[in-house]
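Both chains come to you apart, so use the hints to assemble them.
Take a look at the letters that make up each chain.
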Amino acid sequence: QKEVEQNSGPLSVPEGAIASLNCTYSDRGSQSFFWYRQYSGKSPELIMFIYSNGDKEDGRFTAQLNKASQYVSLLIRDSQPSDSATYLCAVRGIYNQGGKLIFGQGTELSVKP
Amino acid sequence: DGGITQSPKYLFRKEGQNVTLSCEQNLNHDAMYWYRQDPGQGLRLIYYSQIVNDFQKGDIAEGYSVSREKKESFPLTVTSAQKNPTAFYLCATRGGPGNEQFFGPGTRLTVL
Chain A
1 QKEVEQNSGP LSVPEGAIAS LNCTYSDRGS QSFFWYRQYS GKSPELIMFI
51 YSNGDKEDGR FTAQLNKASQ YVSLLIRDSQ PSDSATYLCA VRGIYNQGGK
101 LIFGQGTELS VKP
Chain B
1001 DGGITQSPKY LFRKEGQNVT LSCEQNLNHD AMYWYRQDPG QGLRLIYYSQ
1051 IVNDFQKGDI AEGYSVSREK KESFPLTVTS AQKNPTAFYL CATRGGPGNE
1101 QFFGPGTRLT VL
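Protein sequences appear in the order of chains A and B.
The first sequence runs contiguously to residue 113 in this note's numbering.
The second sequence runs contiguously to residue 1112 in this note's numbering.
Excised from the complex, chain B in its bound form (with noise of 0.2 Å):
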């Protein structure tokens, strides 16, 4: 079964802890993105990595961090210092003829 997976679906952090989520993908995809969506709202880009071992900030890096160890695997950690966490998590590969990004189910991060 291929795609994308992002677990846990819901993540209740309290406020100072640091929080991971994954995103793995069996798709063969180089490219992968972490985005945030708050409501109403479209979505920003957080981070994201062409290939292994390399990443770059997106437009919304401040509290966040990423690792890009595997080609399946791109987790996002939400650290302390981010100031408004709760969200929606979304995380999307890039892949197919027009280059188009494809994405997972999400993770929705609420913080108690």
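Chain A on its own, in the form it takes in the complex (with noise of 0.2 Å):
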């Protein structure tokens, strides 16, 4: 089992719509979560981070967290072709060393117009 599982995609939407992508984690001492965004040929930028239980809001984004089921989630409502992207889910273990992230393989998310 891989530490950080997403769906690999891709994930098609209508422009309009709110787009959902999903990241479970092995470690269940996992502490902090991170979503990145990543366009084609360029690095990752970070679009937020989530440390507690429930949901953060940022603009037309929201992370959501569940420890319990070690599941943490992106929605982006209403979705713009600019949207378009890989998005990469990041977990850190509490026993992670040097603030170490592990991610995974990334959700190639299109947003049709």
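Which chain B residues face chain A? A few, computed with CB under 8 Å, are given here:
no.	residue
1	Leu1090
2	Gly1098
3	Phe1103
4	Pro1105
Just so you know, the hints here were simulated from the structure itself, not pulled from any lab data.
We put the beta carbon where it would ideally sit given N, CA and C, even for glycine.
Right under this line is the structure:
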């Protein structure tokens, strides 16, 4: 079992819809969770991070964390074609020395006009 | 202009050559990281450094070497011992309220 798993996609949604991106992790002691967006040929850019169970909202983005189920998700409301990218989930475990992050393989999102 | 710079953007290497990738930051972050990304895959950690003059191996350190002589700089050398060096190399620093990692623009290395 991979430490951090994401569906590779592609996930296709129409413009204006809600895109839901999911991530599961294996280390029950994980404490910090990050979502990055990566456009083709570019480096990842941080969207948001979450530490506590529940929802965290930032503009059109909402991160949801359920530690009991070892599940973190990212919702993108009112999806735009410019949101088309690969979304990387990253997890920092309690024993991850040096602040290391474990990354999932990413989910490709395509927003159709 | 604050941030992380990596150079060169593209690099071509002949088999058997060592090459050095540059990473410089002016964010005043202590921790720096090198990742490798292959097509369709997530990021894999090569080396990291939490402080000047100290660094640790990541998950795929074989065939790579680093140095950390200055806080601002963390160069990565890809040696001839690295069997499959063609990849996208990303440098990152750690800081901010969430101890999040920030990435440089990357170097795309191709072995001819």
